[in-house]
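Colleague: Chains as they are written, first to last, in the numbering used here: chain A, 1 to 745; chain B, 1 to 388.
No wet-lab data here; the hints were simulated from the structure.
A few of these clues could be false.
So the derived list for chain A, only partly shown, Cβ under 8 angstroms to chain B, looks like this [as the list claims (entries may be wrong)]: (1) P14; (2) F30; (3) R156; (4) N278.
Computed from a prediction, not measured in an experiment: that's the story for all the values here.
Glycine included, each C-beta is placed from N, C-alpha and C at the ideal position.
Here are the chains, one letter per residue:
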Amino acid sequence: MHQRKDRARPRRDPVRLRLGVLAIAVVFMFGALFTRLWFLQVLSADTHVEQAQSNQIDVVELPATRGRILDRNGVVLADNEFVSVVSVDARAWQDPEADRALVVEELSRLLGMTPAEVSEQLDDETQDPLVPKVIKDDVEEATRVLVEERHLPGVRGELRAVRNYPQHDLAAHVLGYVGPITEDQIEAEPERYDITDRVGRAGVEMLFEKDLRGDPGRRLLEVNRQREVVGTAGEDVPPVAGEDLYLTLDARVQRAAEEAIVEQLELARQRQSEDSGNNFPASAGAAVVLDVDTGDIVALASYPDYDPNWLIGGLTKAQFDSHFLDAQVPSPLNNRAIQGLYAPGSTFKLITALAGLRAHTLDAREMFNDEGYFEIPDADTCPTTVQCRYANAREAVLGLLDLSGALIKSSDAYFYRQGYLLDRTGDGRELQETAARLGFGSATGVQLPFEATGRVPSAELKAQLADEGVIPDGHWLNGDNINLAVGQGFLAVTPLQLTNAYATWANGGTKLNPNIVDRVADRTDGEVRRVLDRRVSATLEFPTGNDVIWEGLSYVTRSGTAEFAFQGYDHDAFGVIGKTGTAQAEGASEVTGITREDTAIFAGVAPREDPRYAVVVLLEEAGFGGDAAAPAARSIFEALHSAELEDAAALEAESPAEPEPTEPELDCSATALMDRFGQGTAVVELGLETVAEMVGCDPAELGPIPPLVPGAPGVDLAEGRDAPVDVAADGTYRRLQPATVGSLR
Amino acid sequence: MTSVRAPAPGTRQRDLRSPLRFTDYPLMVATLLIAAFGLAVNYAATWRQLEFEGEDPAFYLRRQAVFVAVGVVAMVAVAFVDYRFYRYVARQGYIAILILLALVLVVGTEVNGARAWFSYGSFQFQPSEFGKVVVIVALGAFLTRFDGHVRLDGFLTGIAIVALPMGLVFLQPDLGTMLVYLAILMGVLLVAGARMLHIGFATLILIISVGTVLVADEVVGVELLNDTQESRLTAFVDRDSVDEDTRFNLDQSETAIGAGGLTGRGFLQGTQTGLNWVPEQETDFIFTAVAEEFGFVGAAALLATYAFLLFRVWLTARLSADLFGTLAAVGVLSMFLFQIFQNVGMTMGITPVTGIPLPFLSHGGSSTVAAFAAVGLVLNVRARRYAP
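Work out the full structure: start from the sequences and follow the hints.
Modeller: Written out as structure tokens, the structure reads:
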């Protein structure tokens, strides 16, 4: 104590004091650290935890497999294939220059590209900067694995599902195609899509995008700061595959329709036009086959067409130019069956006839003398400034005709007169109203995008067109209705509209909205998710005298304008009721640049007794309907008939009683017997030979005896229970429990 | 028959004064605890990335274990020789360290832009770390002679003693270590009895010169510190002024600490530090690994242990038998205090960004061994408070 006191000399006091100052500094500084620590770890921990997780975890989208598109019988029209893709994510580069040099050098070696090509892909600005750039797609699987194993910075080799159209151009316009998403689509559903997505851009691919797409899954990857994947974080959310789409199309009929168009266009190109003396350009066409009872579209063809596979990866300019800007192959992306607008020509006489019967301007059996032309009788309504005389093609004189004959011979004069009379009867709108009731001038409502509505000329429409400056004079004249009566003038219809009108007439007046999709089904179990019902849009009644139209049209293919085309056709088996049409087209040809040649048309239904199908074939600039369109239609009807026969035969082959199940052959091997009766019974109790004889086997067939397993069960024959086998060390066996040998039955 | 005889007075006297008897075991235990914890954290901060790269996940753990072992030997060795002896070899040690610091500028290896290491194969030696301890002894030895009343000449000489090695460290350049020297100087001068007027004036000059350095390049066109160095020094005031890398690193560091929350994400579960998101996670930013995996509870416990360690060093300074012992302890106290405050503060964004190791935790041979040696010095002073 004394000593301590001694040490506390006054001169050390300043040292103690200053040590106190130091202590205060310590307390102050540690206080600051604790405070900050409390703030970071307790008060603002939540945001930091979130931040750490978003650092650590990279969300990778697992793309959903797009649903397939199939025809009504399950023929696959659109599918997916997996291709190996090598991509580079430049964001993962630590040292951009060095890493880039390394990646370019290594990838050019591994992928067999020049360094310049790799560089070009890396700098490809058409690819989204936020996602890895694709350096090469469709690489060999072995190459992909090689690239993965090299662990180059930011480089990945992965499998990607790519749309594939195995039937190539078959039904291309119906299918549409898949292409890069548009910004509008992303904006509409930002949580569903991102910039790299490919979506349906036309056809059912576009309209049924929601069904086909499925839901992408997610994989959570744990990454380090260098963006190297060090592991996964939690379970994958697996993608849900898109639904399969079954179309109403029958691939067989579709193919026949497409081939018929091509064939007849080629033949037409070898014929000379009487109007111009040139060969017909015959560059385009369309065909539609409708099931008249359901509105199902069995075939819908448009030519020129394209292979949707071309459009998947995007096209180079050269590819685009050669596929889509060839003057001889006008507008291949247009689906002419629903977007093309044409004058239907004489095929429209069906509508004129129905209107005439309804307005009583026409007596079906009244005879009319076709002198080769029709002249407006009333001088007042026909001033000298307008056309008063309307002639048949080549002023052909067809003589005395009733309605039936007028249809068979396709008398223009007969229907010119009807056009004139209908314009002067009542409010003069019967022809327009009949056309509207049969669906002209409005969309059919088929589930395909960009359908055209067409137009039916009337006083209002003409006035409106004049207002818009399309035509100089908006006055409605008798002549307008006269032209309309033979399917000319301002009338514009799509092939599908025309088909649907004939289908409505053929089924007795039920107007349906055509269906292109039959059902949506689950891809894995085939379970039907949704059936697209037939949609009745109106029910019509046809006037008395309709049977005469029926009669007339049924002779067209036998003794009328299509007689030549249908020579040798089996009219009894699958008789065709139809009408040819040869329509003058307005304007200059896309192909030749001079006045368009006539459009060849055929519209018809079959079979004659109870029509099930309506068919329209329309060939641009191909001449007479009877020469060009009717033969194509004939091919389609034949294909329909043979498809029906084929289906019936297949049904018959399926239905007979299943073959008797044959008795399974008796297996007499030792192994089989031991399996069947248990090794205890077979080996220990009875001996294999005995067992073999009891079940009717030849003991010589036993073969080698497998080693026994201690404790394996045998059947206790007395009680039917399992009883274990004891295998002794010396290899002998015995049952653990004594059992009575009974019958093996 | 047997009688218990009292020991001879001399013997008893010697026993009472034995250094072993007065060894500061709590300080020793605190030091070893922190170092052992440091091994675990070294492992936690690096295993994941090492494993991913196909290396031995315990690579850093093994190395640090060797450093700690060598450090313990150094601590015992420094404590073994009577500290008063160091007074007499302070001058030689000081000159030796000056030579080493000069030499390292010539033949040293440059790492991260600083020429601070002698390397021989995989063995590296950083003289500036050991220099801190040597300077503490040299400065203490010099200032002791003033017996608590340092006049201006002593004051300036004291500054010069530290300024010389500091200048050499500045040339490496290693700003962080330089600041540690400065902290030692200020602490020791204060307790040694420098006049408040001198201290105040020196501090003023320091502030003015720091300000000058920061604006020198703009005003007079002399660039003493490059922009990156400058912005790092001011980052805790103005986070936006700093370069993108440093800002990213600071954000990641704070995220790592914050993500630990109250109780941490669990040992070996840290992703910010385990997956390299925090830079230098086994050296300068090792505190983030502690905070992320052990949370506020763990980090605060670590800080509390450090505080306890500092308290024991402070107590030694208070209880030292002589002024030299006091000043040696104060030097060590100042050094540790500054390093801990600066390092931990940097990871939390409240102090400038400079590379200073966290004693006993940061991975590194020289810094670990030097820290142990410093503790050895303090143990020495305390143990010999009654030694003749």
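Colleague: Does each hint fit the structure? Answer for all of them.
Modeller: Hints, one by one, checked against the model:
1. Checking P14/A against chain B: minimum C-beta separation of about 6 angstroms stays under 8 angstroms; hint holds.
2. Given hint, F30/A at the interface with chain B, holds; its Cβ is 5 angstroms from that chain's nearest Cβ, closer than 8 angstroms.
3. Checking R156/A against chain B: minimum C-beta separation of about 17 angstroms lies over 8 angstroms; hint violated.
4. For N278/A, the interface hint is violated, the least distance from its beta-carbon to any beta-carbon of chain B being 72 angstroms, above 8 angstroms.
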